[in-house]
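J.: If you read the protein sequences in the order shown, they are chains A and B. Counted the way this note's numbering counts, the first sequence spans residues 1 to 113. Counted the way this note's numbering counts, the second sequence spans residues 114 to 225.
Hints in this document: simulated from the structure, not taken from any laboratory. Treat the numbers as computed from the prediction; the structure is a model and nothing was measured. Keep in mind that a hint or two might mislead.
[Stated by the list, open to error] In silico lysine-lysine, DSBU-like type, Cα no more than 30 Å apart, as pairs:
#1 B:Lys184 with A:Lys24
#2 A:Lys24 with A:Lys110
#3 B:Lys154 with A:Lys100
[Unchecked claim] Covered stretches of chain B, going by a simulated chain A footprint (3 or more residues, C-beta under 8 Å):
#4 129-139
#5 157-163
We treat Cβ as the ideally placed atom computed from N, Cα and C, and that holds for glycine.
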Amino acid sequence: AQSVTQPDARVTVSEGASLQLRCKYSSSVTPYLFWYVQYPRQGLQLLLKYYSGDPVVQGVNGFEAEFSKSNSSFHLRKASVHWSDSAVYFCAVSDTGNYKYVFGAGTRLKVIA
Amino acid sequence: GGIITQTPKFLIGQEGQKLTLKCQQNFNHDTMYWYRQDSGKGLRLIYYSITENDLQKGDLSEGYDASREKKSSFSLTVTSAQKNEMAVFLCASRGVSGNTLYFGEGSRLIVV
């Protein structure tokens, strides 16, 4: 069965600092992997996704993520965060040919001045 | 681009009441989903629909019914509202390529 673990429920970083949000997944095959962001009182928006190819995938607003098959991880990174990046970030996994998605519990990011 | 519209944004009902949430999408996507989001938790799948008139139960379907009479719309009914199921309900549809989910802004259920 698929599962997604986001070990950090809350992360606080200073504006301008670098960021890494962690995601570990389990899947029997190489899955589709996603990072979504949820701003207050809004739905989820796609930041980036990975299925194959270059393990480092670029997303919107300067975010990138790196897939590691050996570590079963898909960590999200940003070189320099802005206060507007404060939001909840969800990692998700879906197998090819499967209609179901499994979401992590989310990491709430707070960017402070 | 398309949009997913959920109505109402806030749904207030009494315990034991039957309550319905609606979702419309203009992406022309085949597959649609209803998720429940509880504070501090991830999304849990209630129902999904692969195509018009199809219904598939998710992990949290007990206490809910769904309806997909048109390709563009997907409704979710709470059959007997309980205070412990106050949450945000998110509707989504699935893109044709790359499995991306597109979400609505959510409907908050309040049970009094």
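J.: All hints are to be evaluated individually against the structure, with a verdict given for each.
T.: Checked hints:
1. B:Lys184 with A:Lys24: Between B:Lys184 and A:Lys24 the Cα gap is close to 35 Å, so the pair fails against 30 Å, i.e. violated.
2. A:Lys24 with A:Lys110: 21 Å, holds
3. B:Lys154 with A:Lys100: Roughly 18 Å separates the two Cα atoms, so the pair holds.
4. 129-139: Check failed, 0 qualifying residues.
5. 157-163: holds (count 3)
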